[in-house]
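Engineer: For the protein sequence lines, the chains are A and B, in the order given. Counting from 1, one number per residue, gives the positions in the first sequence under full-length UniProt numbering. Counting from 1, one number per residue, gives the positions in the second sequence under full-length UniProt numbering.
A few of these clues could be false.
Facing chain A, a subset of chain B residues (Cβ under 10 Å, in silico) [unchecked claim]:
# : residue
1 : I191
2 : A193
3 : P273
It should be emphasised that the hints constitute simulated quantities derived from the structure, not laboratory data. For each residue, glycine too, the CB sits at the ideal point set by N, CA and C.
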Amino acid sequence: MTGVLEARDIVKTFAVTRDGKTSRVAAVNHVSLAVEPGEIVGLVGESGCGKTTISRIMIGIESADSGTVLYRGQPVVSRADWRALRREVQYVFQDPFTALCPTMRIGAALAEPLIIHRIGAPSERADRVAKMLEMVGLHPDVARRLPNQLSGGQRQRVNLARALMLEPRILICDEIVSGLDVSIQAQVLQLLIDLQEKLGLSLIFISHDLRVVRYLASRVLVMYGGEIVEQGASEAVFDDPQHAYTRTLLAAIPDHSRVPAPAHNLGA
Amino acid sequence: MARQNVLSVENVSVSFPGNSGDLIVVDDVSFTLAAGESLVIAGESGSGKSMICQSLLGILPPQAKVSGTRIDWLGRDLLQAGDKDWRTIRGAEIAMIFQDPTAALNPLITVEHQIGDAIRDHRKCSRAEARARTIEVLGMAGFPEPEHRMKSYPSELSGGLRQRVAIALALSCGPKLIIADEATTNLDVSIQAQIVTLLKKLQQDLGLALIFVTHDLGLAAQVGDNLLVMYAGHAVEQGGVRQVLDDPCHPYTRGLLRSAPTLQSSRANPLRPIPGQAPKPGSIGKGSPFRSRCPVVVDGVCEVMRAPWTNVAPGHDVACHRFARDGREGVQ
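For reference, chain A alone in the conformation it holds in the complex (with noise of 0.2 Å):
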């Protein structure tokens, strides 16, 4: 398995306290993923199983107890590694509202990631700020407004723009839409497609959601305790689900389609 982007063989073990009992409980247990160029992955499975640990040991946010990370191929490990993996490869947070700093402009917001690492000259930066928000759906004005006067929607896509000040190759989504109405949603959803197609950018989207990561994504990867159950092209997994688990999850989810409803009615 090769990609952009790639974890392998990844072990992450967390130190749990029971009853005055010291144990390591692994929350990533050998697993590996790529990501593709252009490619949309999706990652599913439910509170606790590791999705959000192994994407953020894949930023370098948290280390690996073991297993490699891997950009482009090399293994990434030195200081200078990293910083160079973090300029490319970029993080969204679940929630917008713990995102971003409250007493900053979303202007200097955007244009933070510029100067941490250095691109372009002060003067070109406010226009470039202007051209993502305008990418993203937002007025130009938004920039000179500060976190609280905007709504979560917004707010969202102020963290996508900031994410994307970098012109990243990939993005880890983490829930990123799982806060949203379902009308701002389908918008971020729509936003995310577009980005695809016109950046070429590679997405790690993770989610409970397997609603949404049907729509989105290509291919599917589904974690239990620590582990990958399940992975393949998104219509196989869902159509024809081969693990126990993943067949569990999906008669979960809540669906209004799946009571059978008259053609004529649904679509247009």
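Following the hints, put chain B in place on chain A, whose structure we already have.
Structural biologist: For chain B alone, coordinates are given in the frame of chain A:
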């Protein structure tokens, strides 16, 4: 239809005092609910669905104003209820399950005492009787080994178990109506499925009326007999759950269904988001609440007046000018 209505909400509005006049967050909403029946109130944030529920329990913030013709609860008008009345209704006759069980439970009190205290608040009974009832309701809520585990504190339980405790607490005084406000939203899907199944079972076994508030139309399809779709404080469509989901007639309901991915959706058949955002309370004025995002606005009508209810099919009504004028073809 033959069943007796336990609850009848007639033209109820909720408003908050604002800097420039009252902000109306629920505008003229009516519905009825019979014993043993379930109603799903579906809508997005700010649609006023939680506000309605809170008005049924008298737990709105103190500055909120509730007005309307009547909220009939078993022959009593909840709009006229005073503190004393609420004390006999809240918890005992109408109980609520909240979204966040962690916030709904007292972290310093064991499960046993939390439920036991609620029972002894409403009924004259001994501690032993309260304890027996606690074990009984925990059992009904599917809480494993209640005799043993009810000595736990909420922090020692998982989210799913905490929600079961909250359900047991709601059941403890034998209510006739349970309101579940996004009660499964924070749970994992498989736990959510268990909790929904449990609520349905309790509703049937105990003949409870159930109001289930959700933003998830998939859940609505599983839980409800009837569905009330709300948008920006207004009821826009109501009817049987399958009636509304199979034959959505309000442009908002249709937009919501097209925005929500299902297990059948794929990019070959793309979602169609509703453009724009929901209006802020106070900015709606006299017209249709959905007009700013509606693809089929009737010019000169939707801006100036509220849509009347139009009957689509027996038990299925929609409030839309376009539908009233052009029928189903008009909202396609």
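Engineer: Taking the hints in turn, state whether each one holds.
Structural biologist: Comparing the hints with the structure gives:
1. Taking 10 Å as the C-beta cut-off, the interface hint given for I191(B) holds, the closest approach to chain A being about 8 Å.
2. Interface restraint check: A193(B) against chain A, minimum CB-CB distance 4 Å, threshold 10 Å, status holds.
3. Hint on P273(B) holds. Least Cβ distance to chain A is approximately 4 Å, under the 10 Å limit.
Checked against the numbered hints listed earlier, the structure breaks none of them; every hint is satisfied.
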